[in-house]
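This is what each chain is made of:
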Amino acid sequence: MDLSWMAWTWHTAVFFCFIAACLISMMVWEWCAPGGGARRGILALDTTRGDRLFISLLGSAFINLFWLGLFGPPLWGAIAVCLAFAFCVFRWV
Amino acid sequence: MIRKTTNQKGWLFVAPVVLLVAFNAVIPLMTVVNYSIQETFGDNVFFFEGVKWFEEVLHSERFHAALMRQLAFTGMILAIEVPLGVAIALAMPRKGPWVSVCLVLMALPLLIPWNVVGAMWNIFALPDIGLLGRTINALGIDYNFTRQPGSAWFTLILMDVWHWTSLVVLLAYAGLSSIPDAFYQAAKIDGAGAWAIFRYIQLPKMKRVLTIAILLRFMDSFMIYTEPFVLTGGGPGNSTTLLSIDLVKIALGQFDLGPAAAMSLIYFLIILLLSWVFYTLMTRNEAN
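These protein sequence lines map, in sequence, to chains P and V.
Following the numbering used here, the numbering of the first sequence begins with 1 at its first residue and continues without gaps.
Following the numbering used here, the numbering of the second sequence begins with 94 at its first residue and continues without gaps.
Any given hint could turn out to be false.
[To be verified] To spell it out: a stretch of chain P is covered by chain V in this simulated footprint if at least three of its residues, at any positions, have a beta carbon under 8 Å from a beta carbon of chain V; those stretches are: (1) 52 to 62; (2) 66 to 73; (3) 76 to 90.
Please keep in mind that the hints were generated in silico from the structure rather than gathered at the bench.
Note that the structure is predicted; figures quoted are calculated from it, not measured.
The beta-carbon is built from N, C-alpha and C at its ideal position, and this holds for glycine as well.
Could you build all of it, start to finish, from the sequences and the hints given here?
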């Protein structure tokens, strides 16, 4: 099947593989510890593990955009901030 | 120990939808992500550009202006349509022969195709031959939506309010119809006034449908394209060029697919964030 019209690059392939790996990890996590890990965190929101992943990914997208707008490329600093942000979300939100 | 059994057959029923969504949403979204970091001049030839288009869009004054106009438009129509829709729903009869008449009248604007709404209002608001335009000018107000940005915005907002307030009305009316008479009888015994009944009975009962109404109106208005395009074409100048109109100009008018893809993704992320914030704020106390 010719997928050249989709204009794949290895960068975008890595990005989507990362998203797929996150989703598969969440499925495995849910299989090991069912129930979604629901709790009320520091934002006073009832969140499950899926919600926390969503918040982490959405927040990371905006961290990258802000970094790009303020400092420009490269984005390694933004990625470090994203990892710290995701850790905080999974730990406390 | 009792173990809860989980029936996984349900996944089979949603599998067709998952496949459909994969083909009509995920694959196009992946393609947009791929385009957003490349340049193309057609013929399926692409050149890697990295995050250049994102940087360009984020620093573009044109994008900032369109985003501000979009936020202003969405803010204004939500501020008008939601209270107006609730007020009309409260005023509508709950029983009797007029219920059907009111519901049909309310549903009529929703049945009209978007491009027809734009064309209708374009003619209706023309200052020389349109009923609205001529009437406003006859009142001594200088009105010409093809030349004056203020008039163009007024017409745009009025058109959207006319077209979409009905949706809020119908949803709010459905919420109001679900309130049992016993609630009103209890309020009457307690001597509650109209405001107290609205504040403590009707508004809480409408909360879920209003959440849906606000989310639908937010998302629809943030993505609006056809009606303003047919009404004003984004003008006069760029005064009514909302995000979607600007996006189409970049993608199809200038054939700048890379910047258009980057702008699409930023646009999508803004809608996703604001929808999540709206939804979270409106449902955060439901668990209590």
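Evaluated hints:
For the stretch 52 to 62 of chain P, the proposed coverage by chain V is satisfied: 4 residues have a C-beta within less than 8 Å of a C-beta in that chain, meeting the threshold of three. Look at the stretch 66 to 73 of chain P against chain V: 4 of its residues bring a Cβ nearer than 8 Å to a Cβ of that chain, three or more, so the hint holds. Only residues whose beta carbon comes within less than 8 Å of a beta carbon in chain V count, and the stretch 76 to 90 of chain P has 0; fewer than three means the coverage is violated.
Hint violations for this structure: number 3 only, all remaining hints satisfied.
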